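K.L.:
In case it helps, the numbering used here puts the sequence shown at residues 5 to 69.
Hints were generated in silico from the structure; no laboratory data involved.
Possibly wrong hints are sitting among the right ones.
[What the hints assert, rightly or not] Label-pair ranges, simulated between beta-carbon atoms:
(1) 46 to 20: 25 to 33 Å
(2) 36 to 60: 16 to 24 Å
(3) 68 to 34: 16 to 24 Å
(4) 30 to 58: 16 to 24 Å
(5) 44 to 22: 13 to 21 Å
(6) 19 to 62: 12 to 20 Å
In this text, all values refer to a predicted model and were calculated from it rather than measured experimentally.
A virtual CB, placed ideally from N, CA and C, is assigned to each residue, including glycine.
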Amino acid sequence: GKVAAGPAEEAGMRRGDIVLMFDGVDVRNARHLRELIEQAGDKRTVAVLVKRGDSPMFMALRLRD
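Let the hints inform the model, and build the full structure from the sequences given.
P.N.:
As structure tokens, this is what we get:
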């Protein structure tokens, strides 16, 4: 899904980036991404694969409480 400001922006994500994978799990849609974030539990940092234009890139996303 599309990314809003906050921890995602701090990780280097930009508006319009598409999240393809969150913590090793393929992201199906924005609702699924929200569920994965909620399920991350005690994890403070997760690997996220995003697509920016035609380029995929990994980022470390620091989660907030």
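K.L.:
So the hint says 13 to 21 Å: do the beta-carbon atoms of residue 44 and residue 22 match that?
P.N.:
holds, 19 Å
K.L.:
Is 25 to 33 Å respected by the C-beta to C-beta distance linking residue 46 and residue 20?
P.N.:
holds, 30 Å
K.L.:
Look at the Cβ atoms of residue 36 and residue 60 and judge whether their distance stays inside 16 to 24 Å.
P.N.:
The hint (16 to 24 Å, Cβ to Cβ) holds, given that residue 36 and residue 60 are roughly 18 Å apart.
K.L.:
Could you tell me whether the CB distance from residue 30 to residue 58 stays inside 16 to 24 Å?
P.N.:
With Cβ atoms ~19 Å apart, the hint holds.
K.L.:
Is the gap between the beta carbons of residue 68 and residue 34 within 16 to 24 Å?
P.N.:
At 18 Å between Cβs, range holds.
K.L.:
Given the hint of 12 to 20 Å, check if residue 19 and residue 62 actually sit that far apart at their C-beta atoms.
P.N.:
holds, 19 Å
Every hint from the earlier list agrees with this structure, and none is contradicted.
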